[in-house]
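Peer 1: So you can see what is in the structure, the chains are spelled out below.
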Amino acid sequence: METNEYMEIFLDESNEHLQSINDNLLELEKQPDNLDLVDEIFRSAHTLKGMAATMEFDDIASLTHKMENVLDKIRKSELAVSEQVIDILVEALEDLEEMVSAINSGEDGSKDVSGLVQQLEQIENGTGTSSGGRNKQETTIMNELALDDYQLTVAHQAAEQGYSTFQITVKLVDGCMLKAARVYMVFEVLEKLGEVIKSVPTVEELEAEAFEQSFSIVLLSNESAESIKSRIHTVSEIDDVTIVAFDAGNEAPEEEQAEEKSQHKSPQPESDKSVSEQEKASGKKSKHASSKTIRVSSDRIDHLMNLFEELVLDRGRLEDISSQLKNQELTDTIEHIARVSQDMQRVILTMRMVPVEQVFNRFPRMVRGLAKDLHKKIDLNIVGAETELDRTVIDEIGDPLVHLIRNSVDHGIESPEERLANGKPEVGNLTLRSYHSGNHVFIEIEDDGEGINREKVANKAIENGLLSADHSQSLKDEDVYQFIFASGFSTAKSVSDISGRGVGLDAVRMKIEALGGDINVESEPGKGSKFSIQLPLTLSILNTLLVHVQDEIYGIPLSSVIETVLLEEKEIMHVQRQKVMDFRGKVVPLVSLQDVFNVQESDVENKNNYQPVVIIKKADKMTGLMVDSFIGKKEVVLKSLGNYLKNVYAISGATILGNGQVSLIIDPNELIK
Amino acid sequence: MEDSMKVIVFQMDQQKYGANVMEVLSIEELENITSIPRTSEFIKGVVNLRGEITPVIDLKQRLRLGETSREKGTRMLIVQMGDVQAGLLVDEASDVVDIDTSTIEPAPEVINGINESFIKGVAKFDDSLLILLEMDQILNLEEVNELKEAAEEEVE
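If you read the sequences in order, they're chains E and D.
Heads up, the first sequence is in the working numbering, so the first residue is 1 and it goes up one at a time.
Heads up, the second sequence is in the working numbering, so the first residue is 674 and it goes up one at a time.
Worth flagging that the hints you see were computed from the coordinates, not collected in a lab.
Don't take each hint at face value.
[As the list claims (entries may be wrong)] Listed next, the in silico DSS-like pairs over lysine-lysine satisfying Cα-Cα at most 30 Å (straight line):
| hint | chain 1 | residue 1 | chain 2 | residue 2 |
| --- | --- | --- | --- | --- |
| 1 | E | K634 | E | K579 |
| 2 | D | K793 | E | K646 |
| 3 | E | K646 | E | K633 |
| 4 | D | K733 | D | K793 |
| 5 | E | K634 | E | K646 |
| 6 | E | K586 | E | K634 |
| 7 | E | K639 | D | K733 |
| 8 | D | K689 | D | K745 |
| 9 | D | K797 | E | K646 |
[Stated by the list, open to error] To spell it out: a stretch of chain E is covered by chain D in this simulated footprint if at least three of its residues, at any positions, have a beta carbon under 8 Å from a beta carbon of chain D; those stretches are:
| hint | segment |
| --- | --- |
| 10 | 14 to 25 |
| 11 | 180 to 187 |
| 12 | 305 to 311 |
| 13 | 630 to 643 |
[Said to hold, decoys possible] Computed footprint of chain E on chain D; a stretch qualifies when at least three of its residues, placed anywhere within it, have a C-beta under 8 Å from a C-beta of chain E:
| hint | segment |
| --- | --- |
| 14 | 713 to 727 |
| 15 | 756 to 769 |
Glycine is no exception: its CB is placed at the ideal position from the N, C-alpha and C atoms.
Construct the entire structure; sequences and hints are all you get.
Peer 2: Below is the structure:
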């Protein structure tokens, strides 16, 4: 079929558009009268409709068509954005995603969408949205300035501490000469009164005088509106100051508040207008500039990487040759090649890196849905979505994170009633954080829920025979919490749809360990818990310690090496025929790599008095690996042994050394018993 | 020429064997092999083949004909079946010939002690016999893994 060659493009682009609809819908829920967002959603739905129609996916086309109609009405301000509208749009989006993924797995992507189409039609025709009109009025008042998640959180926190959020619009007199200076003075006044968390236009634009006569600021302060106003008026060349109490974005505002605001607002309709105009202007600027990217399949990048490694090997050979020939020109050229190829390596590696955002951006909707189902109120904060990770890791990390987030929403965060009863804010906080540290990427899922109950976990562990009652007393909290990652472990009172079958965390741990990562949990009863996942930056580049075992060279991942020691013969002790050593007061078993790997005895006899030992660790267990000599630290490209040699004992892969030789990389986890 | 097939002729212990040219990627000279611990005996280790880590199988040992002695003429046939790539050690790779498929006969029960399942058939060639090998079977992982497990049990 002719359309087949377009299938991949269709799928790629559909997913992109669905993601964009998803993001914009969630944003729209926060700022229901931001018509720019509606425009964006409309455009995505429209493109999707066109593509689906071309590819003859009629159900997608008809659903997007109805969505489009509804969105168009909103766009023309004939229909207000209500919770109901958003809910149905989200539902429609979910169906679309389902259909696209069905197409992806080779099905025809048909689905009964008549129910949704009908609902959308109802909305379009104005039935069932009786509350829409009023809703809209309220929301238009509230959302002059759109705050992002972070700013909203700050505003929320400030409100808890008794600070009010004000939206201040300052208008300078016509013909004001030194606008930037006036702005600076206003800011200085305001900074004494509280904290400025947002300004429209941005501070940079203000400094560059890139604004007309007025600008707006969101200020956190415990002063009254009147006193703020009079302070601002102390700055000269100010024409007018408008102050409005700003709603920090509660989804369902009390009617009273809204009224209060409209009172504040009504006397200054003029300045309101200028604010929304400015917002439009800045909104346009912040819209994604179409990025200059092209799609390249990851296979090609892998292939490029392989070819590049070839080049590196030849470079090594050239270096050898030039050191023999001692020709200055040749040496210079080769040094240049070395520098260029190092840069090249970095570029190729970064090509494989993708921002973790790709995984994170499906969570806001998931959390929203879960919270609704469970009747909980949850704020999801995402921090560090731009952190980059190797593609292979990104592909694998999604499922474990889904598990953990579901877990936090279901077990971690309490119901609003419970929270209020415990003196916590009604809305629970869930934070998804990602950052680089050293050679690792950390992903943390933190909630301010009820935390883990140590007793319950310990009892369950004893019940499952993982722990003896005596031993449980002496364990640290963290060690007890680790049991929740054991298989068949769930302390949930009841098995719910969302989690609690006791397979989740076990699977999560396995997956993360398979990626060469580590997972830990911290918790404080009543305060919440934090799961932190540590992942290697990339799976293909590994820091290793190279060692000689007779004539063979082995690599030991540096991440599990504690240190290297030279033991004297007399320091090697025996416990029941097992060689052991004393390492800072701990008895550490010794394993000879030569024995484990049956390495052939080399011809060269180089007996010296000291036994080199590499101490490795897994969790808190240690083992000493006896080797013949240390070579040194080296960053290597980890390669798999291929499909033919799967599951070789204690070997995780191989690498090619500078001289073209293959050396094996040890999997230390299997050597520690 | 519909009924002919190109075959790479190689030798082990004076006997000529053939492999379908479509299954052989290349013929390489012997390089330094890095041995892999705790694997079946016929897996000699891995080599770096243009950036790919490729396992090396001693074909003679795989067919239970004894070990290949590594000499000047020793070659590696790089074969690919599905997603598995491997190098096979043979005494000498001499020729590429066209075989008339009609002359290929099914293998008799036992030839030189080689398990029948490794043999696709026997072809007449230059007055001698050419044993055509079934690469699928030679790279059959299941049997390899069984052997490996057996070997491990012995170790333990």
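Peer 1: Hint by hint, say whether it matches the structure.
Peer 2: Outcome of the hint check:
| no. | hint | verdict |
| --- | --- | --- |
| 1 | E:K634 <-> E:K579 | holds (29 Å) |
| 2 | D:K793 <-> E:K646 | holds (27 Å) |
| 3 | E:K646 <-> E:K633 | holds (27 Å) |
| 4 | D:K733 <-> D:K793 | holds (17 Å) |
| 5 | E:K634 <-> E:K646 | holds (25 Å) |
| 6 | E:K586 <-> E:K634 | holds (29 Å) |
| 7 | E:K639 <-> D:K733 | holds (28 Å) |
| 8 | D:K689 <-> D:K745 | holds (18 Å) |
| 9 | D:K797 <-> E:K646 | violated (38 Å) |
| 10 | 14 to 25 | violated (count 0) |
| 11 | 180 to 187 | violated (count 0) |
| 12 | 305 to 311 | holds (count 4) |
| 13 | 630 to 643 | holds (count 5) |
| 14 | 713 to 727 | holds (count 10) |
| 15 | 756 to 769 | holds (count 4) |
In summary, the structure is inconsistent with hints 9, 10, 11 from the numbered list given earlier, while agreeing with the others.
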